[in-house]
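Here are the chains, one letter per residue:
Number of protein chains: 4
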Amino acid sequence: MIEAEIELTGHIIDSMILPKIFGAIYDLNGEFEVLEFRIGQTKNEYSHAHIRIFGKDQQHLNMILGELQKLGAVVTEKAVDAELMPAPEDGVLPDNFYSTTNHPTFVMINGEWIKTENQEMDKVIVIREGKPHSIPMRKVKKGELVVVGNKGIKVIPPERSRKKEVFSFMSSAISSEKPTLSLTRMIAKEMFELRKKGGKIVVVPGPAVIHAGAAAALSELIRMGYVQALLTGNAVAVHDVENSLFGTSLGMDLKTLENYEGGHRHHLMAINVIRKAGSIRNAVEKGILKSGIMYECIKNNVELVIAGSIRDDGPIPDVITDVMEAQDAMRKALRKTDLVLMLATTLHSIAVGNMLPSTVKTICIDINPAVVTKLTDRGTYAIGIISDIGAFLPRLVQELWQLEGTV
Amino acid sequence: MIEAEIELTGHIIDSMILPKIFGAIYDLNGEFEVLEFRIGQTKNEYSHAHIRIFGKDQQHLNMILGELQKLGAVVTEKAVDAELMPAPEDGVLPDNFYSTTNHPTFVMINGEWIKTENQEMDKVIVIREGKPHSIPMRKVKKGELVVVGNKGIKVIPPERSRKKEVFSFMSSAISSEKPTLSLTRMIAKEMFELRKKGGKIVVVPGPAVIHAGAAAALSELIRMGYVQALLTGNAVAVHDVENSLFGTSLGMDLKTLENYEGGHRHHLMAINVIRKAGSIRNAVEKGILKSGIMYECIKNNVELVIAGSIRDDGPIPDVITDVMEAQDAMRKALRKTDLVLMLATTLHSIAVGNMLPSTVKTICIDINPAVVTKLTDRGTYAIGIISDIGAFLPRLVQELWQLEGTV
Amino acid sequence: MIEAEIELTGHIIDSMILPKIFGAIYDLNGEFEVLEFRIGQTKNEYSHAHIRIFGKDQQHLNMILGELQKLGAVVTEKAVDAELMPAPEDGVLPDNFYSTTNHPTFVMINGEWIKTENQEMDKVIVIREGKPHSIPMRKVKKGELVVVGNKGIKVIPPERSRKKEVFSFMSSAISSEKPTLSLTRMIAKEMFELRKKGGKIVVVPGPAVIHAGAAAALSELIRMGYVQALLTGNAVAVHDVENSLFGTSLGMDLKTLENYEGGHRHHLMAINVIRKAGSIRNAVEKGILKSGIMYECIKNNVELVIAGSIRDDGPIPDVITDVMEAQDAMRKALRKTDLVLMLATTLHSIAVGNMLPSTVKTICIDINPAVVTKLTDRGTYAIGIISDIGAFLPRLVQELWQLEGTV
Amino acid sequence: MIEAEIELTGHIIDSMILPKIFGAIYDLNGEFEVLEFRIGQTKNEYSHAHIRIFGKDQQHLNMILGELQKLGAVVTEKAVDAELMPAPEDGVLPDNFYSTTNHPTFVMINGEWIKTENQEMDKVIVIREGKPHSIPMRKVKKGELVVVGNKGIKVIPPERSRKKEVFSFMSSAISSEKPTLSLTRMIAKEMFELRKKGGKIVVVPGPAVIHAGAAAALSELIRMGYVQALLTGNAVAVHDVENSLFGTSLGMDLKTLENYEGGHRHHLMAINVIRKAGSIRNAVEKGILKSGIMYECIKNNVELVIAGSIRDDGPIPDVITDVMEAQDAMRKALRKTDLVLMLATTLHSIAVGNMLPSTVKTICIDINPAVVTKLTDRGTYAIGIISDIGAFLPRLVQELWQLEGTV
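Residue numbers (the numbering used here), protein chains in the order written: chain A, 8 to 414; chain B, 8 to 414; chain C, 8 to 414; chain D, 8 to 414.
Quick caveat, the hints were computed from the structure, so don't treat them as lab data.
Note that this is a predicted model, so its numbers are computed, not measured.
Mixed in with the good hints, there may be bad ones.
The list treats identical chains as interchangeable, and a pair is accepted whether it falls inside one copy or across any two copies.
[To be verified] With a Cα cut of at most 20 Å, we get these calculated EDC-like pairs of lysine to aspartate or glutamate:
(1) K146 x E310
(2) K283 x D97
(3) K146 x D329
(4) K297 x D64
(5) K63 x E292
(6) K207 x D335
(7) K122 x E151
Take these sequences, add in the hints, and give me the full structure.
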């Protein structure tokens, strides 16, 4: 038997941190002894716990401590500097590398807790210019110092919100059986207030936005200033251009539902138009593309990232076909984001979700409960709404009009 | 080898009748010879086919003919009277009973084609007062004459609509990727025009209508005169009453999304209120129930059938707890219906679907594609819409307001 | 401001009881002060908390206390007798009635904690022969004493299992991405050991069991003695009889997948056979029905309850068409059950789930994640498995054969 | 009004070709006149139709003819050479380009029908060395001759199979309510016979194969020789390596279901191991990777394509991160394939589906009906099975063992 001590401070009971700590110890077959416990006497007081942890051997203990750390525990005796090891090769990690959570993380360097830059989950921490940075393993350079083990690391999982707001009501419960209009109103309010304060909203739409007839609503959101960056794929861009040029989506008239030329000819024509113009921006500037989501992005200086996938037709020249380059562009566009709207897309939403710290608010709207569950699992401020984007988005615009006094 | 001849007339190619006839013969290992075939030269002309069918033996041939008949074939040599056999016991059929489709069906009696009353699928035909009636087997009385075999029976499967309307565009394709607003507009137009002509609309709502916050929208539909009958279950009635009395649905405030007293206490209180009053009508008349779907049904003389199920709490006194009695009440309420709206319910929608002839227009709205597929399979004029009832229904009301010039 | 005190004892942190207590107080806008808190120093020691609760007024405080009670709190000052009020009418409750959870519940009567009989959720408690009974409101007789308010009531929510077993691993996580074979093995082991100890297993199958070709597997489970009661509906019984008599399910050959006579003729014939025989038992005894799930139930004295629904064809004479009578029969069959297997059915599973105390182990297998989520939400020992019953059930039988040494 | 004539030959009625032709004319508001119609008198005789088509103007007529052509019509007067136009730029098409179906297509060049190479849908046809090739638009070189308009093109949509085999039974109907074991047996037989004849099977697995515990079954399929190429993504490769090295999948023990170190540490360690080794092949050759799907691919010379996506962690060095390069590699691996098994993956299955001619048999197994519907829509010999891959794949192996006489 071998032991270590941890400290916990905060709203550790109602924010589920202490229960998770005990749960993790059970799951990993560890033992514990509570050395000290002071519970916050009222709603606003912090609680504090000091706990001794026992493992079978050092490796077992380390595994337990690693888990507890992710949950916010600070390994007491380890309020020492984090351990660092050089990467053996470009893109290769030392064996005992520390892998990150998506929570704010501090690393002790020269006796000081320093916050990690660009926190993302499942990354590693390297020290660059004396500061810890969360980066993908492929970006680690040979010889760079990588954080290993679990000493000198402090994770701050967000606590349960004490405010009565949509993110606290919804956080645990995803259900198709929520009042859609009330939810829409709350989200509109959140967006309205965020933009008043100059907050940044990123939208991640999937092709269903266009098929379901919500392109006009998303275009209006952009014009109204509610979209600072738009991260998407070739399909969305092409369907949007097809809709703008021909009024169809994969050949179906989005007003009358009549089918023109079954199949994908309009789709390929839309791609050809953009390829001929050289880019979406060119097509807008030449007056070829005169409306739609892509058009509004260009006109309103919305940061636009179009990432490639193996199912792409074409693609149009704006697509970043190397997925690692695309990830980097997405990462850049996501910096300092306050709110992300994920609209009826799985691949892009999961990719974006992987890049966000747990402190960013995310709202995921999809008709498929499985997608919503997957996406809201990891975020602290994630709301999952099971709805039809074709009816939801126009309503959201109506609510925003009302808040802005437009209507 | 044994043979028989069939005749087919109508738009039998583009309405898929002839292809299905050939498909069925292949599937059942029969053979055929085309004796005569005249194809309609233009869009509006009928085609006509005269085909000889071969089976291994009489039983095999009968099986094939039985299938072809359901598809609209008339067995030529059998333009003789239908065969009739007395039922051996109450609710028990003669062995070779004819089982119905949901298509209009004619029976030859004394050399005359007479239309079957109350056409429903998977029923039997008995002769009452000289006329064929489609009834459930449990209603057959000992000694009553039941149609057996497949002579003297003519089924008229509806042909593909030549009109450009939502029921012809959508009939084959169910998809979550349809433009919701355009669809809503088309359905509103259909309802508007139907009501102008005095048509009858039946609504079959599930509990999600209330949970998703669409009770106000359905109440408005009733007030506007778009609901002639409402078929539902105990849960919808109780959730609606809870919403009207307390503003909650299973304890959740439908405006703020706050939870009062988790669990079902409000639900049970709502039941108790109605039980105490004696019925929904009493609760309305005593001024206890002042709004909501149930209230509007009473106030607007909408025919209301509340059928029981084994998952019911309570139930309230208005529930018909015997499911066979409930079926009979539903059947009665469905007479002469022009359009059925099935709103986010599986059990009740399927039950209603089973009772409808294929000539009734049905629109099924659900967030779960599996439900929609199941329900639209059997009807000729069935539209399946995969959407969120909480966003869809309020929009439908908006569209109807616009058509009525209210807004 | 008005106050009350509560006590909590047990593994209240890692079993999430204390966090839920604090969460509920926040949600309901209450305040609290921790008077005393002793945390269990090790895994096996109990923790104890003594907390003062504040509400705005008596009604607000009562609402909060009502919630805390459901979570296991004992209202300290109220270790007095429960309050009782007579029912004003048959099937009508006094206004302030106490509504039950599905957790074991004790009522203080004459200074003594007495356990409630037949614990079910969303019921009321009446005193019969000096003992508390959980019953549906419709069964309350005029003048019977009903528990009201929240004094003198103690709820014991089950604690997190400390055993490493499938019910503790799975309880929180439902996912289609679990290793199916490992899960099947664990469930087989659970069933094997339960039966060795003489435990009672109830199976609740839906029609998909037969459509998916698992009737033989379920029949074998019955023969092997793993089914003590079977609760189902008309559809399962009829599909099973159709399969036994004709080898088809709704006309499709379950071996070759060929369709005989599309539609439902075999289905109606199966119903007619049982109606003619008078009952399933008669059909078995007369040698008409020689195999299948229904046959094995009769032969192996498995308690069989067939409940009616509004979508039933026929029905066969064994069906209880009154849903309230059906509920009573189901309740009776569920007494002293240890384990329930819910197989690909929504309606019947939810109905059964509503009747079970939280201490009964339940395993719900369905291909639709939404069904599984709904069903496993409420039970403490509920496992949800998203799988294909047609592949799962035969494998379960294989695993049981192995455990029994048959193979 | 302007007119043209088309010819149709084959089993055009029961293979639904003629009905679709009439349907398309209606949908596109065209008119027609049947000039000649000879129906096949028996099952095996061809039918023949000669039809005159009317459009409002040349553009309208062309649109109609374009559609009819995709359905197999040969535009009679146009049994002239196909029209060709040079591409204006690299990767840019002449305006009136012909876009392909996935059916075998012949182009008339110098009066001769020549079959198009590498048929894929939504591509264009260029003439290279006198032969038509179906290629993606981005591969068209400036000045290359591209087929435009719709003259001189003949599409051969596959006819309904006259064989009684699983692909004909299942082709239209996707349902979770099919007998899984019977289906598995049929598919095993298909694979067994295909391999006896030296056929080529390509497997496209998704991550759920490993999570659901079916990695051993897929490994066995490879060892048995039933996999000639495996097309997948980084996630599958990494999960498989994690499973081989640690027995876990995202940290969960796939045998005991216990969680080691929540989150993704094992996942990242698996990536690091492969990055360190340089490639999967290196890891196998150095004895680091000793089992699993990847291992078996290397050992059994299965062609392996690992395509990148924006949600990839790592990735491992074997991943093709440029999606267009990845498409090309997939295309190459798919040449001359007889059968494709798509196992619980959306992105990769759709990408592969897009590249297959309609004559390749495809079997898509997924637990999500929406995925299966999407994937089986486009293929002629596509079977959709809604099942749990974790139970299905082991059973498939059992059935193959039986056919091979191994068991």
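For each hint, the structure was consulted:
no., hint, result
1, K146 x E310, "neither (24 Å within a copy, 29 Å between copies)"
2, K283 x D97, "between (40 Å within a copy, 9 Å between copies)"
3, K146 x D329, "both (15 Å within a copy, 17 Å between copies)"
4, K297 x D64, "neither (67 Å within a copy, 28 Å between copies)"
5, K63 x E292, "neither (68 Å within a copy, 35 Å between copies)"
6, K207 x D335, "within (19 Å within a copy, 38 Å between copies)"
7, K122 x E151, "within (18 Å within a copy, 57 Å between copies)"
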